[in-house]
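Each protein sequence line maps, in turn, to chains A and B.
With the numbering used here as the guide, the letters of the first sequence map in order to residues 23 to 388.
With the numbering used here as the guide, the letters of the second sequence map in order to residues 19 to 376.
Please keep in mind that the hints were generated in silico from the structure rather than gathered at the bench.
One or more hints might be untrue.
Non-contacting residues of chain A with respect to chain B, defined by C-beta distances greater than 12 Å in every case (computed) [to be verified]:
(1) Ala134
(2) Pro156
(3) Trp158
(4) Ala167
(5) Met173
(6) Thr218
(7) Pro220
(8) Pro222
(9) Ala230
(10) Val247
(11) Tyr259
(12) Lys261
(13) Met279
(14) Phe331
(15) Lys360
(16) Val367
Lysine-lysine pairs mimicking DSS-like chemistry, simulated, CA-CA at most 30 Å apart [as the list claims (entries may be wrong)]:
(17) Lys260(B) / Lys308(B)
(18) Lys375(A) / Lys139(B)
(19) Lys126(A) / Lys139(B)
(20) Lys347(B) / Lys360(B)
From the three backbone atoms N, C-alpha and C, an ideal C-beta is built for every residue, glycine too.
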Amino acid sequence: MVSAGRPTRHFRTCPARPLRPGFATPDVPGFHDAVQVANPLQTRGLRWYSYQRQSPNPFNAPQLPATAGRPEPRSVQALQIIISGIAQGCIYGLIALGVVLIYKATETVSFAQGELMMLGAFGGLMVMTLLGLPFWFALIAAVLAMAAFGMLLERAVIRPILGQPAFSVVMLTIGIGYVLRGLVTMIPNIGTDTHTLPVPYKDAVWKAGALVLNVEQLVIIAATVVLSAALYAMFKYSKLGVAMQAASQNQLAAYYMGIPVRRLNGLVWGLAAGVAAIAGLLLAPITFVHANMGFIGLKAMPAAVVGGFGSLPGALVGGLVIGVVEALAGFYLPEGFKDIAAYVVVLVMLVVKPSGLFGDKLRKKV
Amino acid sequence: MRFIFKTSYAQDVNLARHGGHVFWYGLLLVAMACAPWIVSEYWLAQITFVLIYAVVGLGLMLLSGFTGQFSLGHAAFLGVGAYTQAALTHVGVPAPLALVAAGLLAAAVGMVVGLPALRVKGIYLAIATLAFGFIVEEVFARWERVTGGNAGIHLTAPNVFGWVLDTDVSFYFACLVVTVLATLGILNLLRSSTGRAFVAIRDSEVSAQSMGIHLARYKTLSFAISAALAGVGGALYAHKLKFISPDQFTVLQSIDLVLMIVIGGVGSVHGAFLGAIFLITMPQVIALAKDYLPSAVGQAPGLQGLVYGLVLVAFVLFEPHGLYGRWLKLRTYLQIFPFYRKGMFQRQKSYLKSDRLK
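In isolation and in its complexed conformation, chain A is listed as follows:
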């Protein structure tokens, strides 16, 4: 089929998607229950990184040695699904948060947010494995480095193009995403592999009665709550946060009031990149670190839209909605619905309420 004339496509290095699993199940009593718990939550990932699925997987229900034999109550199962959905949703929400931050500040939509997340995860990985430093140090180092990188990016490529049509800026950020992904892939021996981030809480399980929870997921949820609280406090009480709000509401007026809008825009990019790095490091123990993990950023876009594009709490809520719907769709609907759940939700949202859950209705004056 591949004739010499076929143009070489990029990113087609991963093997073709495996066929639909689960057509040959052994007829052992109890097997189906065990499979039911382990299987439906498989994150199938986007098609181009499907190779990931062959490795032990992200957002699986935690390994459940205790319950492998006996079926567990449905309510507990549902709760576990919802919690893993919330954890996944937090990641979407954090990425969407970055997108919305940037959108509010500069009215540009960044499609590179997922790649920034990937870069942050790789940064953390480098600090931990090459330098051998502890996780907490790596976290701080990666976040600071990414914040600096975000500001640099804003200064170098975004600022010259502000005021151009949205189309150009979207293409620009897509281009940045390509560059970052290409660069990371080009690092010899590291870029093409899938890595595990050795976090202290790796594979830990927390039991509460019949409920068995994955600590990795709980950490994601807790970290998101803390981060949201910190951001809320910053926007509400700090001078910087108030200035950012002012600039996002009316750039020109803020400028007249003596707020250094340009510098703020740089800081917002830094903040967004830092949040992306945190998301990357939180996600890393679950999905592993690899060059294509940034594609998850494409699911953050629906999250941002569902929440209402200009609303920070909306981004998080949108992420949660998408994450939970996705987890439930993966369990209760036939295979395949999980991957498109986010997109179906966003299309429904756009038809029913284009301004999103928290967005305010905007009309353009003539």
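Given chain A's structure and the hints, the job is docking chain B onto it.
Below, chain B alone, put in the same frame as chain A:
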């Protein structure tokens, strides 16, 4: 420098504005017709791909470049066309009829996608089309009875009412004919009232509406025509590759298509062709350059993505009008030779062109 002195109204609507156009485009057409005997088989295949991508690019250009609507899901239309062609030719429908059906079905799907475009715009539309692209891709992978699922589906050589186009040369001519027809169609459309309406919508929806342009109808129409061209392109693409599978119609393909028109030059018919040439020759150029680069760089798998990204960033930053814009500048420079000024094509900077002013 050429001055055109118009002496009749017919000159206003002529496609070829002066003798130079007739000569150069005629020469191009002759060259294209002779190409199979001039270039090697390999390059003929590449030219065929350029033609196919140019058809798709024309469609996307009409939508993005002339109507001002985003689409990050164009690969879906490409796929709809390709799978329609595959399904119909399998049951024995002659290829030209299947091609028309592929275009029509893609157009119908395009109208459905156009519906959200009536309510949302800008980035929302981009995300809506992106979402749609993902859903269609999943349908291709799951609807195994028609699409063959992930295993893909093979196509036979196109059968034009008994005449089988099983050689590269005959298929090249088929593509050439389709491309020329599509180009003429788009050029004619753009100088008709419909085309003017599209451009008016792109420049300002509000003023277009107040001039009496029915936004909903024209936006849907633009989506339909654009999708139809993508569908036709997809059908040819399927025949060219002889094998299609869902992973040829992913969001990356959609992004490539947008990249194509951005690099070619948004808002110009030439841009679709220049972009297609870029998209097809770039991998070859990279492959050639690999030999001269140190192996750590040249053999790295991410090189292509990196180069695409850098080129895209560079074009958006330094040459927003794309390759065609660059050509226009060059031509102007030569035409008015010592009088070219740096600021002649200065892009206008508009601060605070905000959608959120209440």
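Going through the hints against the structure:
no., hint, result
1, Ala134, "violated (10 Å)"
2, Pro156, "holds (30 Å)"
3, Trp158, "holds (31 Å)"
4, Ala167, "holds (20 Å)"
5, Met173, "holds (17 Å)"
6, Thr218, "holds (21 Å)"
7, Pro220, "holds (25 Å)"
8, Pro222, "holds (31 Å)"
9, Ala230, "holds (36 Å)"
10, Val247, "holds (27 Å)"
11, Tyr259, "holds (25 Å)"
12, Lys261, "holds (24 Å)"
13, Met279, "holds (15 Å)"
14, Phe331, "violated (7 Å)"
15, Lys360, "violated (10 Å)"
16, Val367, "violated (9 Å)"
17, Lys260(B) / Lys308(B), "holds (29 Å)"
18, Lys375(A) / Lys139(B), "holds (14 Å)"
19, Lys126(A) / Lys139(B), "holds (17 Å)"
20, Lys347(B) / Lys360(B), "holds (10 Å)"
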